[in-house]
Amino acid sequence: MAVALLIPFTFQLEPASGLILLGAAYTSTVAGGAVSAILLKIPGAPANIATTLDGHTMARKGHGAKALQLSFVSSAIGGVFGVLLLIFLTPVLAQWALAFGPSHLFWLAILGVTIIGSLDGSSVVKGLLSGCIGLWLATIGFDDIMGAQRFIFHDSLAGGINVIPALIGLFAIPQVINMFAKGRKRLDAEVLEVERHPVGDAIREVLRRGRALTIRTATGSIIGLIPGVGGQIAGLVAYDQSRKMSPEREKFGTGHSEGVIAAESANNATVGPSLVPLLPLSIPGSPTAAVLLGGLLIHGIFPGTDLFDNHPDVAWTFINSMLIGQILMCVFGLYIAGLAARVAQVPNAVMAAVVLALAIFGSYSVQTSMGDVYIMAALGTGMYFLERFGLSAAPLVLGLILGPIAEANFVQGSMIANATVGIGPYFFTGALNLTMIAVVVASIAYSVWMELRYRRFTTKEDAIEKEEALT
Amino acid sequence: MTDLPRSQHIVASGAVALVGITVAWISWTQESAAAFLFPRIISTVFVVLALWTFGKALIGKTKVGAGLSRNAILAILPGLAVMLVYVFWAAAALGVYTASTVAFFILLTLYDPAPHGEVRSWIKRVVITA
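Protein sequence lines correspond, in order, to chains A and B. Residue numbers for the first sequence follow full-length UniProt numbering, so the first one is 1 and each next one is one higher. Residue numbers for the second sequence follow full-length UniProt numbering, so the first one is 1 and each next one is one higher.
Because the hints were derived from the structure by calculation, they are not lab data. Remember, it's a predicted structure, so these values are computed and weren't measured experimentally. By construction, the Cβ of each residue, glycine as well, lies at the ideal position given by its N, Cα and C atoms. Keep in mind that a hint or two might mislead.
[What the hints assert, rightly or not] A short list of chain B residues far from chain A (calculated; beta carbon distances all over 12 Å):
no.: 1; residue: Ile26
no.: 2; residue: Glu31
no.: 3; residue: Arg120
no.: 4; residue: Ile123
[Claimed, not checked] Stretch-level coverage of chain B by chain A, calculated; a stretch enters the list once three of its residues show a Cβ under 8 Å from a Cβ in chain A:
no.: 5; stretch: 9 to 18
no.: 6; stretch: 42 to 50
no.: 7; stretch: 79 to 88
no.: 8; stretch: 97 to 108
[What the hints assert, rightly or not] Partial selection, computed: residues in chain A whose CB lies under 10 Å from chain B:
no.: 9; residue: Gly147
no.: 10; residue: Phe302
no.: 11; residue: Val366
no.: 12; residue: Met370
no.: 13; residue: Phe385
no.: 14; residue: Gly403
no.: 15; residue: Tyr426
Please construct the entire structure, taking both the sequences and the accompanying hints into account.
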């Protein structure tokens, strides 16, 4: 949500400066989510779920400051490793991207929607349905080639759905309504004692567990490279592996510092690698990467060969800034660790009102149009209710962002196909097309298999309880 | 567990299916065919997935989605009403800044856990809004 809310602030900035802001926010939200995970047992982001297991137990024992310091130091180390991977792998993939034609780019866009649609959530059909709704929303407005009106039910829709108000609405408004749903209750947080803890001790402890740190960081980076898998899986996998491989495995879950280090180094290590498929191939590796894709498109920059051929200064400034961002995030995180308990207890009523006002100002500022505000509010309110019934915002947003890319390449490919070999052979033959079709099918099949396994071991009540805990 | 979530699932997935059918109907009946080629493909997949979801909701097989409890609906309604009036009427009629201030104060009043009978809590709300 933070990245989506910041996008309007980048309009007046140079593309590189705007992307640095968004990249820093991406890095900081993954690491910053540990604050509420440790102090309130409420993960600030799905990536911080594993951090609650030992982090909150440490806080309850009075070691909240130590847990926060460990989380920020290990996040920075994991994050730096992940960004280095981004720096070294991106040029290789960028060269490979030159071989892509319209049919391949069409399948890539579909691949992006299906991978996130099928992995983000426990229902494949609902994930894909969300992606389809996003693809449909992207077709609203005037057709680029024929100029025909499509699905313009109201004047506000004549220009199509602008990505920024849509992003703000789909991510921020459901959070605002979630805060309304809590009613006039005070926060359930316990008043925790946060004792002072020397930063040097925390750094020494993280470095003393160097072997575990290296393995978890590598785990997070590899998982981050897989589009759609995300930080929450990296954090949980790394935590689980650490527990199984540690000689002190019985201490996990009782406030063990290695649990915090494993979860946080792994989840922040996914940040850099999640951009590896995005920058050269336009496949967002995570929902936040999808929002970053929106930020790139707003500045007229298209990921892929265009980014590295025509805007290498922007691309490399952005990538290198993420390296500095990790260090600054760690320094600032360590500074606020002692103050964090107060920050995490901002009342719901204030937070809801502030986020709503920011969402409206942000949407209005895109084109100084109330139409965008209406679209933002309508999409956001609708998304809240859809989320309560198992649909999720991430695939919908991806559909909205990748829809124009998919359609433009589909139309362009159809024209080439009609003039040459025909649509069937053009879109369904060739090694690259077949590989991508196979990956689309495999990702859906794998997700169906995972869903069936999940159902076998989970009752309906358990699933609902888990969802309510996460929202 | 009551039947409330199941009936909610039927209504929600039914509404999505209805949107899907409308989109597909428009896509397949509007001209020109070339301009609607991509929407036709998308809307067909959309309808198939929406009807599948609706069918599962009808037979009570939906496992994902917690629905909305009566308490949550009652808690949401006032805030949602303020938000919609703010966005769709007040922002244009009163101006964005005035409407934002008024909406901020009303939302704070509605959801602030501090008692409404105390002058001190009202002063605090005014100060936060300012």
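Each hint tested on the structure:
Its beta-carbon lying about 7 Å from the closest one in chain A, Ile26(B) breaks the requirement of being farther than 12 Å from that chain. Taking the minimum C-beta to C-beta distance to chain A, about 8 Å, the non-interface status of Glu31(B) is violated against the 12 Å cut. Residue-level check passed: Arg120(B) sits 15 Å from the nearest beta carbon of chain A, beyond 12 Å. Once the 12 Å rule is applied to beta carbons, Ile123(B) is consistent with being away from chain A; the minimum gap is 15 Å.
With 4 residues bearing a CB less than 8 Å from a CB of chain A, the stretch 9 to 18 of chain B meets the requirement of three and the coverage assertion stands. Remark: the stretch 42 to 50 of chain B is confirmed as covered by chain A, as 6 of its residues place a Cβ nearer than 8 Å to a Cβ of that chain, reaching the required three. A count of 7 residues in the stretch 79 to 88 of chain B with a Cβ less than 8 Å from any Cβ of chain A is obtained; the coverage claim is therefore met, three being the minimum. Interface restraint, the stretch 97 to 108 of chain B with chain A: holds (5 residues with C-beta to C-beta distance below 8 Å; minimum three).
Checking Gly147(A) against chain B: minimum C-beta separation of about 8 Å stays under 10 Å; hint holds. The interface hint given for Phe302(A) is violated, since its Cβ lies 19 Å from the closest Cβ of chain B, which is over the 10 Å cut-off. Using the Cβ-Cβ criterion of 10 Å, the hint placing Val366(A) at the interface with chain B is not satisfied: the shortest such distance is roughly 14 Å. Here the hint on Met370(A) is kept, as its CB sits about 6 Å from the closest CB of chain B, short of 10 Å.
Interface restraint check for Phe385(A): the shortest CB-CB distance to chain B comes to about 7 Å, inside 10 Å, so the restraint holds. The beta carbon of Gly403(A) comes within 8 Å of a beta carbon in chain B, closer than 10 Å, and the hint placing it at the interface holds. At its closest, the beta carbon of Tyr426(A) sits 15 Å from a beta carbon of chain B; the interface hint therefore is violated under the 10 Å criterion.
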